[in-house]
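*Asks:* Chain by chain, the residues run as shown.
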Amino acid sequence: MTRPRLLLVDDEAEILELLTMIFADCDVHTALNVECAKTILRAQTFDLIVTDLKMPGGSGLGLIEFSKQYWPALPVIIITGHDPALSPDEALKVHSCVRKPFGKAVIRKAVAQALATTGINL
Amino acid sequence: MVATVSGMIEGRLSFDENRVTTLLGSLERMAGGDLDHEIAISPARDELDAVAHAVNVMARELLFRLSELQKTQASLIQAGKLAALGEVSSGLAHELNNPLTVVTGYLEHIHDMVRSRASVPLDFVALESGLGKIERNIERMNAIIGHIMEFARQSHPTKRPLLLNEVIKKSFILISEQLRLKNIQLKPKLSGATLMTVGDALRLEQVFINLLTNARDAIFEARGDAGGTIEVHSRIFSATQLEVEIMDDGLGMPPEIRENIFNPFFTTKDVGLGTGLGLSISLGIIQDHDGNIDCASMPGKGTVFLIKLPRFLA
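Going down the list, the protein sequences come from chains Z and R. Residues in the first sequence are numbered consecutively from 28, following my numbering. Residues in the second sequence are numbered consecutively from 11, following my numbering.
Extracted from the complex, chain Z is given alone in its bound form (with noise of 0.2 angstroms):
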């Protein structure tokens, strides 16, 4: 059986450790910034994108816009310790708003639901 691939985005490197080690059954990207991230996306494909929503250079948002672009189909999970406060169009871009600070199981369960909806087991 493949192992899902996840990009992980946060600018907080010890979140994106600790998301590494959670999912450490997949295989896992990580971009500390949204630059990075779509740089990592025209070089590879992946199963999900979990992301953060306010950093430093470019929000979240921005990422999702450029990932539906390209991937429309492509599951996206927000990470975020504020109220995303999405619009109606922006939230039907995104699987699920996870709200930090979250657990194992949380986190865990969400990214199933989300690859799930691509046929994909966690």
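Don't read these hints as lab results, they were simulated from the structure. A couple of the hints might just be wrong.
Stated by the list, open to error - Looking from chain R toward chain Z, a few residues come up when the C-beta cut is under 7 angstroms (computed):
(1) Leu102
(2) His104
(3) Thr111
(4) Glu118
(5) Asn193
(6) Gln195
As the list claims (entries may be wrong) - Each computed DSSO-like pair below joins lysine-lysine, with the alpha-carbon atoms no more than 27 angstroms apart:
(7) Z/Lys120 <-> R/Lys192
(8) Z/Lys95 <-> R/Lys180
(9) R/Lys180 <-> R/Lys197
Stated by the list, open to error - Short derived list, chain R residues pointing at chain Z, Cβ under 10 angstroms:
(10) Leu110
(11) Lys143
(12) Leu191
Even glycine gets a Cβ: it sits at the ideal position worked out from N, Cα and C.
Since the structure of chain Z is provided, determine the placement of chain R on it from the hints.
*Replies:* Okay, now just chain R, sitting in the frame of chain Z:
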């Protein structure tokens, strides 16, 4: 007989003249601000005494009103402080939620390790690294929460000699995350000299937070998430004055707005977004420190606030 009468009138006149002079002296003293002073009432209980009594009553009334005014001003400053905290609160939530996520995650990870120790031997290196991360992140949260508590506490203003640069740096703690998220670079150029003034550290910090919040909003209004730069300079301005300069490259203001910014309740922000009290309270605080705030602005270029405070020489 005539001589006796004129002598009596002269005596009365010179007596009254003395009392008038004393009364005038007292009035001048009170006009100078010494409202605790009380004019003595003579046993004669005449018109002059009636005037003296009325002045005494007025002074007591003024003292009472003054203390009421001071209380109102103190609550206004406290309200402004909480409003300033509200302005930076979303950045603070972000700042706390990140370390909290790390703590939650590593606690669960360690818990898993301990639970499965019968089948998988405990990895002490991983355990120690996880605990270290938890400890560091708790310290980080502790520092932030501690500072919020300190800042929001209703304290009696206490003025003591302080290092101005330290107060400026503390004001960065509450706002830096907000600025980072909005791509705003904070460039402090603080004087290497010892800048001492006598003041209330928390109230002065409130002023700097207010000015930094305004600078943040001015930049956001001008360029949105593209951000900008806020420079904060501190220097010895003269033998008796210190100066702090807060400069942003934001929207700037036309003269008709600039002239009104220190007026209470004047705001250009939408309803519910600004109290219009930040700058008037800031000016009040700085004036209470025998200082002054000046502002220069150019639409499209940016705004600079110059704060002068008395220099304290130990």
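*Asks:* Going back to the hint list, which numbers does this structure go against?
*Replies:* Result: hints 1, 6 and 8 break, sorted rising.
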